[in-house]
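**Student:** Taking the hints into account, I'd like the entire structure generated from these sequences.
In my numbering, the protein residues as written are 53 to 477.
I should point out that these hints are in silico values taken from the structure, not numbers from a laboratory.
Wrong hints could be hidden among the right ones.
[Unchecked claim] The calculated lysine-lysine pairs, modelled on BS3-like cross-linking and capped at a C-alpha distance of 30 Å, are:
| hint | residue 1 | residue 2 |
| --- | --- | --- |
| 1 | Lys149 | Lys162 |
| 2 | Lys177 | Lys250 |
| 3 | Lys150 | Lys162 |
| 4 | Lys209 | Lys162 |
| 5 | Lys279 | Lys194 |
| 6 | Lys177 | Lys279 |
| 7 | Lys149 | Lys279 |
| 8 | Lys462 | Lys389 |
| 9 | Lys209 | Lys250 |
| 10 | Lys271 | Lys462 |
| 11 | Lys209 | Lys177 |
| 12 | Lys297 | Lys384 |
| 13 | Lys177 | Lys273 |
| 14 | Lys372 | Lys297 |
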Amino acid sequence: MLGIIPIMFLFLILVNFYILVYAFSQSKRCEICHIALGFTLLTFVILYLLTMDLSLVANSNALLLMIKKFQNLEVSIYVIIFFLILTGSISLLYKEKKSLKESITRASIKESIDNLPMGLCFSTKNGIVLLSNRSMNQLCHKITGRELQDGEFFWEKVMEKRRKFEDSLEVNRQTPILQLDNGETWFFSRNPIKVNNKAVLQITATNITELFGLRSQLKKKNLEFMKMNSRLHQYSENLAHIKSKEERLATKTQLHNELGYILLATRRALANKELDKEGQSILALWKKNIATLLTGRGLKEKNAFEELLEAALDIGIELKLEGRLPQESENKDIILKAAIEALNNAVRHAGATELNLTIKEVEEEYTIELTNNGILPKEEIIEGGGLSALREKIEGRGGRMRIDIEPIFKLWIRFPRGREVDNYD
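**Tutor:** So this is what it looks like as structure tokens:
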């Protein structure tokens with residue numbers, strides 16, 4: 053049992069020496085260092101006395117008697133002394149670590165900077181690195197192949213390898229953007245600052261890989277939307293022309309059929325010598341068809357809506373109609389223009405694949421609802437030129453228009469209806 057006592061106190065010496073080194077390297081607090089040094093010396097003295105060769109001390113020396121008494125103490129007393137010193141040492145280490153957590157030290161500053169996701173470096177104008185974090189050191193090694201030891205050399209390499217943009221995102225020479233071999237994109241900046249009235253250069257690096265990827269996706273989407281918008285715009289411009297051609301074709305067809313009937317009726321009346329009896333009715337038919345020929349009335353306008361259906365499908369939108377499409381050209385024009393504006397919104401902002409057009413007849417009025425299955429707007433919609441023009445036309449007809457964004461996007465329109473409707477399901 054006595055043989056293990058020296059080993060126990062040797063262990064105490066190592067523990068207190070570790071506390072002394074730890075306190076000196078972390079905070080350099082004098083009181084902690086002094087206590088740790090005291091514990092170390094006390095334990096060393098105890099160990100020395102325990103292992104001292106008494107033959108080296110004269111028999112008549114009073115010190116010999118004291119050492120003999122100390123070496124002959126009960127084992128339990130040594131154990132108590134050991135645990136008292138060990139408890140004090142552990143308490144001292146705990147107090148020191150707690151103090152380090154609750155106070156700002158050089159080590160805590162360095163640790164905090166190393167944990168930053170961005171790169172950070174401080175250097176003098178001559179390039180001497182004063183402080184840099186782990187992220188900047190790694191970036192320097194990837195860019196230059198060396199450790200970060202010269203701030204000026206590192207910045208020159210960054211400027212040499214900076215990414216050159218081909219679009220409007222081109223940045224000035226002081227704020228380069230680099231894309232590394234692993235695909236990461238970093239934004240660098242360098243700014244002079246004052247530290248204790250001394251000029252210091254601060255170099256920062258920010259990882260913008262995700263932002264750069266989103267920008268590329270946005271650019272691609274914008275190109276797609278521009279193409280879609282161009283096609284919709286072209287369709288809108290051609291709609292009036294198409295309708296005009298359809299009117300002429302419908303009129304020709306109608307005239308062809310009715311003129312054939314009138315000619316046969318006239319020929320029969322002349323052949324049967326019944327012109328006096330049927331002359332007035334035949335004359336009315338001739339007047340009606342001549343008026344149709346001059347005004348172009350009587351057009352069936354279903355083809356205009358079919359053209360809108362095809363245009364919607366071309367840009368990836370399925371347009372569904374519920375209800376009856378009005379025959380009157382003015383009423384149908386309003387509905388078609390509203391559908392075009394809703395189609396624009398569904399493509400540009402909502403990313404929808406379906407557009408639902410519901411037409412209801414309520415109390416001598418048309419009620420129109422346009423909804424889609426796309427993403428809901430995050431804020432109130434500001435009406436642009438197309439919606440403003442549509443509202444002006446509807447309100448000019450004595451109608452109303454409303455845009456709802458909750459619980460779904462809905463363009464709601466109500467205006468006085470005409471007398472005739474055409475079933476177009």
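**Student:** Confirm or reject each hint.
**Tutor:** Structure-based check of each hint:
no.	hint	in the structure
1	Lys149 to Lys162	holds, 16 Å
2	Lys177 to Lys250	holds, 10 Å
3	Lys150 to Lys162	holds, 18 Å
4	Lys209 to Lys162	holds, 25 Å
5	Lys279 to Lys194	violated, 41 Å
6	Lys177 to Lys279	violated, 51 Å
7	Lys149 to Lys279	violated, 64 Å
8	Lys462 to Lys389	holds, 15 Å
9	Lys209 to Lys250	holds, 25 Å
10	Lys271 to Lys462	holds, 28 Å
11	Lys209 to Lys177	holds, 16 Å
12	Lys297 to Lys384	holds, 17 Å
13	Lys177 to Lys273	violated, 45 Å
14	Lys372 to Lys297	holds, 25 Å
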